[in-house]
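Put together the whole structure using the sequences plus the hints.
Position in the sequence shown counted from 1, then plus 3, gives you this note's numbering.
I should point out that these hints are in silico values taken from the structure, not numbers from a laboratory.
Any given hint might turn out to be false.
For lysine-lysine, the following BS3-like pairs were computed, each having C-alpha atoms within a straight-line distance of at most 25 Å [stated by the list, open to error]: (1) Lys14 - Lys117; (2) Lys7 - Lys51; (3) Lys15 - Lys101; (4) Lys15 - Lys61.
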Amino acid sequence: MNQKYLKEELKKYGFFYLEGQIPERQARQFLTVKKLTQRENLVFIPKKEVCFERILSKHTSLYIEGLERYSDSGVYLGYSYDFYKATYLFNSQPSRLKIYGTQLSAKELLYLVKGFPFLIIAKE
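Listed below in structure tokens is the structure:
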């Protein structure tokens with residue numbers, strides 16, 4: 004399942020999408036080491052993060068955080084996702100946290116999200 008499909012499916016449930024950037028310094032270092040070693044299969048690979056958020060109330064949101072995964076040999080495996088609800092009352096640390104799943108595949112994630120039918124945004 005590709006990232007674009009997942010993004011469209013989660014949009015139906017009111018999630019909006021944020022994508023993290025690989026820091027420029029990290030990318031430069033990676034390319035420099037790759038060039039110097041003349042290797043394509045480096046152990047260290049810069050990883051891109053994504054986040055989906057569904058605001059439930061003034062202080063509470065559902066979050067889905069995705070991180071690219073690679074095998075030990077450097078083969079791209081796709082994203083793994085963490086799905087949780089967090090309530091922030093007075094500071095940047097959540098005062099309440101409920102974890103629905105960790106290291107989920109996209110298929111497992113959608114199965115869990117579809118268990119919250121009240122989140123579906125009605126079509127106009």
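Lys14 and Lys117 were given as a pair; does the straight-line alpha-carbon distance stay at or below 25 Å?
holds, 12 Å
Taken at face value, is the distance from the CA of Lys101 to the CA of Lys15 at most 25 Å?
holds, 22 Å
Is the hinted pair Lys7 and Lys51 satisfied, with a Cα-Cα distance of at most 25 Å?
With Cα atoms ~15 Å apart, Lys7 and Lys51 stay inside 25 Å; holds.
Lys15 and Lys61: Cα distance at most 25 Å?
holds, 21 Å
Of the numbered hints given earlier, the model fails none.
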